[in-house]
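2 protein chains.
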Amino acid sequence: MIEAGPLMRVRLDLTYEGAGFSGWARQPGRRTVQQVVEDALAVALRLPAVRLVVAGRTDTGVHATGQVAHCDVPELPGTLLRSLRGLLPPDVRVLAASVAPLGFDARFAAMLRRYEYRIADAPGGVDPLRRRFVLGWPRPLDVESMAGAARQLVGLHDFAAFCRRREGATTIRTLLRLDVERDGDSGAEIVCTVVADAFCHSMVRSLVGALLAVGEGRRAVDWPASLLDRDRRSDEVGVAPAHGLTLVEVGYPPDAELGARVEQTRARRA
Amino acid sequence: MIEAGPLMRVRLDLTYEGAGFSGWARQPGRRTVQQVVEDALAVALRLPAVRLVVAGRTDTGVHATGQVAHCDVPELPGTLLRSLRGLLPPDVRVLAASVAPLGFDARFAAMLRRYEYRIADAPGGVDPLRRRFVLGWPRPLDVESMAGAARQLVGLHDFAAFCRRREGATTIRTLLRLDVERDGDSGAEIVCTVVADAFCHSMVRSLVGALLAVGEGRRAVDWPASLLDRDRRSDEVGVAPAHGLTLVEVGYPPDAELGARVEQTRARRA
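First to last, the sequence lines map onto chains P and Z. Numbering-wise (my numbering), the first sequence opens with residue 1 and increments by one. Numbering-wise (my numbering), the second sequence opens with residue 1001 and increments by one.
Just chain P, same shape as in the assembly (with noise of 0.2 Å):
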């Protein structure tokens, strides 16, 4: 048995394409972002294992460009990101390492996080080189419809409609903000804006699939926060495809206010 001396809290960012990961999560037998990179951090730093705490837990498919963790580990080596390089699959990278402020949780501390749900209704199809991070729709969306009914869902709310249920997780939260717009010159690309601090499961694919329904058209302006406060998914509301959703930010308070924020979210949980 080798003595463990101190340890240090290093925070990794990271950025992924969810294609080839069965999400972010160790599961046993599949690829998993979680599973690929303690793998190679333990070989970067010469370690049986490590063990990550992430921010995001992101779903099968779902990439990440904002993507924060952290780990406990003896020593934070000059050149991690460059052994990393080497040992990491080009479909994932850890783009920045460095010794995590006191009282950093790379969960527990984060106050919000940012989706964001790309979308393109363009005649012709989706950008040949944008295919794998937005999702292609056949019809025309009416933004307008769409930005009125995100509009109505923001604020706190039980989002159970919404949710896929999970056993002990409770489905009420503050949706900080839900914007949609044409994003950039072209307007080719529809953005989905999604903050909150904490999401349930699949709460940010089932608000995109209702409001596609508006979009399309085919649900009134009012309907998805008509859905707001029932007390079990609703079977009316689709779940958007994974490959449009991008995890692109993870917030965290200044650095004197993170372990009251760390007490704060784990008091809410117990």
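For the record, the hints were derived by calculation from the structure and aren't laboratory data. The structure displayed is predicted, hence computed values, not measured ones.
If you want a taste of the chain Z side facing chain P, the calculated C-beta under 7 Å gives, among others:
no., residue
1, TYR1016
2, VAL1092
3, ARG1131
For each label pair, taking beta carbons as the anchor points, the in silico distance ranges come out as:
no., chain 1, residue 1, chain 2, residue 2, range
4, Z, ARG1082, P, ASP197, 40 to 48 Å
5, Z, SER1186, P, GLU144, 26 to 34 Å
6, Z, ASP1197, P, GLY184, 23 to 31 Å
7, P, GLY184, Z, PRO1254, 23 to 31 Å
8, Z, ASP1197, P, THR174, 56 to 64 Å
9, Z, ARG1082, P, GLU181, 20 to 28 Å
Just so it is clear, CB atoms sit at the ideal spot from N, CA and C, and this is done for glycine as well.
Given chain P's structure and the hints, the job is docking chain Z onto it.
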């Protein structure tokens, strides 16, 4: 024999991911962009065959976001884009189809071709969501030196040192622009923007290969320009990989000048 009616010239704007294609030009037994798009057009327009004339004959693995082609056909149905979306594979898209102005010729009326070559030298490696379109470089590059070397290459020169020889093709070209800069907020990608009226074979990737040698410090800033006006290809110049290169724009003169431009281009080629 069906009697042919009058034909109209149609301009097509295309985008494709290069990885799955053996370049633009039709070749027996190879999957090429020309073959795939011509075949889809023939089905969509119920013609035995359609022949495309293209602005930029991209090589194997090179992408295009702003490719332009034309064809002469009996009619342009309003549903053509939607038909093509169903007929084309997802790695190529026709974004627009329009009746071309009088005198238009996708190849001979073009005034300039603009390419972008993208490189990422971050220690963590290439962004997984961008890796198909960006060359990863394992060592930091000095963008200032690259930009300085690039400036000396602009203008009318014999680029034979940077060209793969083709029988009867001139290697004297006017390089209108060759900029090297870090792109965007993060600066994670170095973008080389290359504009000329026309290019000889493998010229853009050879220019980038020479600039990479400067950026690494293996060659002096003056070295690429010292190769100008040689009479043959230089063995010292590496050809950068295809996947970092994208044809982003083809520029045409105002409609009233299209005919004159075509005359001028044809005269120069003859």
